[in-house]
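S.K.: Here are the chains, one letter per residue:
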Amino acid sequence: MKLLKHLIPAFICLLLLILVFNDHFLYDAPIVKITDVRQENEEGLERYVQHISGIIKNGEFKGNTVSFDNTATRSQVYGDNYRTGTELFVSLSPDGSLVTSVIGVKRDKYIAILFVIFLLSVIYAGRIKGLKALLSMAVNMIIAALAIWFYINGFMGMSVLSIFMIASFIFIITSLCICNGFGKKTLAAAVSSLISVLISFILAYMVIAAAGSGISYWTMDYADVIHDYKGIFYMNILISGLGAIMDISITMASSLNELIEKDPSISLSALKSSGRSISRDIMGTMTNVMLFTCFISVIPIVVLAIRNWMTLPQAISSYGELEMIRTLTSCIGIVISIPVSLMVSLFILGRRQKHD
Amino acid sequence: MISILSLILLILLVAVGRMKGLKNFLCFYLNYFLMMIYIMLMGYGINSIFLSFLSCIIVAATTLFIVNGDNIKTRSAFKSVVLVLVIMFVIIFFIGNMANISGFSSEYAETIGIYNKDIGYSMKDLIIGVVLLCTIGTVIDTALSVSTALNEVHINNPSLDMDGLFRSGMNVGRDILSTTINTLLFAFLGGLVAFFIWHQAESLPIVLNGKAIAQDLFELLSCLTASVLVIPITSYITSKALLRS
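Quick note, the sequences are listed as chains A and B, same order.
When you number the first sequence by the numbering used here, it's gap-free, plus one each residue, and the end is 558.
When you number the second sequence by the numbering used here, it's gap-free, plus one each residue, and the end is 332.
Isolated chain A (complex conformation) (with noise of 0.2 Å):
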C-alpha cells in the first residue's frame, strides 16, 4: 500500500508524458512526422540537402504520406537538421499532398520530457517541501500569466513595468507564504524582501537613467517590434533579483527566529553578528547563481559575431551590455538585501519578544 502511494506521482508522470506524446490532435497546424531522411552527405560542404518524407499525424489529411526538400547546414546557426522522428508543424497545399512550408519543430514532447525529470526528482527528493516549492512556482507562473494578459488587454492604459510592480508585491507575498506559512517569520522576510526590491530598483534605475541613450538597447531582438522596450528591460531588472532577495530575506528572518527562540536572553549585538556572518556565507555564491544564470543566454550571439568579424570585447560590450547590467543589479539587490532584513527581522522579531 504505501509503495502504491510512492508510485503515484510516476504514474501521473507517465500518463502526462503518453498525452504529450499523442497531442496531435490539440494543434489546429498539421504535424509531419519524418519517417525517412535521405541526404547527399558531401564532405566539407557546409551545407547539404535533405530529402524528407513524413506522414500527416492529425487534421483532414491524417496518414497520407508527403515529402520535401531541407536544407540543412553543418553549423546550424540557422534553419534546421532533421532526423527521423521528429515532428514538424507544416503548411500543406489545399490537396494535402504538398509541403508547401515547414513553420517550425514540434518541441513539446523534449519539454515534457524534462520537466517530468525536474518533478520526479522535486517530489521524490523534496517530499512535501517539494510539493510546496512545486506549488508556489505554479502560483508564480499563474500571477506572471495574469500580469501579461493584464498588459497586452491594455488593462487600465497601465505600462508593463507598472503591472509588474504590483505582482512582485503579489509574488513575495504567496511565494513567501506558501513555502513558509503565516507569521512573524514570513511577515519579516516579506517587508524586508519589499525594502531591498524597491531600494535596489529604484538604485538601478537613477544609474541607467544617468546613462540615458548611452545602453545598447539595440540589441533587443523585440526593439523595433514592442514600443515601450525600455519598460520591458526595467521589468527584467526589477523581477531578475526578486528570488534571490527572498531567499536571503527568509534565510535571515528564520535563522534570528531560531536564535532567538532556543536563547530568548541573547544579546543584540550577538544576533547582529550572527545574522551577518550566516548572510556572508550565502552572499557569494548568491552572486555566482545569478553570473551564470543571466549572463549565459548572451553566448550563442556573441560567439556567432566573435566567429565573422568581431573581436571579443566588441562583441561582448554590445550584446554583452544589457545582461551584464540585470545581473549587476540583481547583485546589488542580493547585497542590499542583508542588512535591510537584518533590521527589519530584528526589529519584527524583537517586538514579539517583550510580548510574549
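In short, the hints are calculated from the structure, not lab data.
These numbers come from a predicted model, not from an experiment.
Treat the hints loosely; a few may be bogus.
Anything over 10 Å on all C-beta distances counts as not near chain B; from chain A, calculated [stated by the list, open to error]:
no., residue
1, K235
2, I257
3, F263
4, F384
5, S469
6, A472
List of simulated lysine-lysine pairs, DSSO-like, C-alpha gap at most 27 Å [unchecked claim]:
no., chain 1, residue 1, chain 2, residue 2
7, A, K474, B, K110
8, A, K386, A, K464
9, B, K110, B, K166
10, A, K334, A, K207
11, A, K331, B, K166
12, A, K235, B, K211
13, A, K331, A, K204
14, B, K107, A, K474
15, A, K474, A, K386
16, A, K235, A, K207
17, A, K334, A, K204
18, B, K107, A, K311
19, B, K327, A, K331
All C-beta atoms, glycine included, are put in the ideal place defined by N, C-alpha and C.
Here the structure of chain A is known, so what remains is to put chain B in place on it, guided by the hints.
M.R.: Showing chain B alone in chain A's frame:
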C-alpha cells in the same frame, strides 16, 4: 555603465561583508573572466561541450577551494558537483540532440542578418555546453549549503550514523529547495515575459513549440533539476566522507 554598477557592487559587498565581501567580488569577476576565456576559445573553434566541462570544473574548484578553503566540506561538495554535472550532461545531451534547439529561430533573422551563417562551428554542441554551464552556479550553491550544514550536524552530534546524517542532509536540502527554485524561476521569468509580450499576436501553441522558448526552458529546467539532484548526492557523499574521517 557596467563600471558604475560594478563599483556600487564592490562598495556594497565590502561594506556588508568586509574581507569576505572583497573575496566574493574578486571571485565574481574571476568567473566572469573565465567565461570570457570560454567564449574566446569557442571563437577559435574548440568544442563547446569539452570547454563547458572544463569551465565548470575550474569554476567549482575556484569557488569552493579558494573562497571557502580546502577542507572536507568543500572536497565533498566538489565531488558532488562533478557527479551532478555528469548526470545533467547525459540528460541534456540526449534530449537536446533530439529537440533541434541549436542556433537562432526565424524571429532573430534581423539580429543575425549581418553575419555569415556558415561559421564552421557546431551550434548544437554550443547550446548543450551553454545549458550545462548555466547549471553550475546553482549546483555549487546548493552543494556547499548542504555539506556545510552536514558538517555542523556532525560536529554537534558525532554519534549520528550514516543513515541519520544522510537524513539530516536531506532535511537541510529540503529547507533550501523552495528558495532555490524561486531564485532560478525569477532569474528566467523576465525573459519569458518579454518573449510572450513580443509574440502576443501569434498562436500560442506554435509559440510554445518555438526554438527560442525551448532554449530558455531547457536552461531553466536543467538548472532546476540540477539544483534538486545535488541534494541527495551531496548528502550521501558528505555523510560518507564525514564518517570516514
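S.K.: Are the hints correct? Go through all of them and say.
M.R.: Going down the list of hints, with the structure as the test:
{"no.": "1", "hint": "K235", "result": "13 Å, holds"}
{"no.": "2", "hint": "I257", "result": "18 Å, holds"}
{"no.": "3", "hint": "F263", "result": "19 Å, holds"}
{"no.": "4", "hint": "F384", "result": "16 Å, holds"}
{"no.": "5", "hint": "S469", "result": "21 Å, holds"}
{"no.": "6", "hint": "A472", "result": "18 Å, holds"}
{"no.": "7", "hint": "K474(A) <-> K110(B)", "result": "21 Å, holds"}
{"no.": "8", "hint": "K386(A) <-> K464(A)", "result": "16 Å, holds"}
{"no.": "9", "hint": "K110(B) <-> K166(B)", "result": "23 Å, holds"}
{"no.": "10", "hint": "K334(A) <-> K207(A)", "result": "18 Å, holds"}
{"no.": "11", "hint": "K331(A) <-> K166(B)", "result": "26 Å, holds"}
{"no.": "12", "hint": "K235(A) <-> K211(B)", "result": "21 Å, holds"}
{"no.": "13", "hint": "K331(A) <-> K204(A)", "result": "19 Å, holds"}
{"no.": "14", "hint": "K107(B) <-> K474(A)", "result": "17 Å, holds"}
{"no.": "15", "hint": "K474(A) <-> K386(A)", "result": "18 Å, holds"}
{"no.": "16", "hint": "K235(A) <-> K207(A)", "result": "37 Å, violated"}
{"no.": "17", "hint": "K334(A) <-> K204(A)", "result": "21 Å, holds"}
{"no.": "18", "hint": "K107(B) <-> K311(A)", "result": "45 Å, violated"}
{"no.": "19", "hint": "K327(B) <-> K331(A)", "result": "25 Å, holds"}
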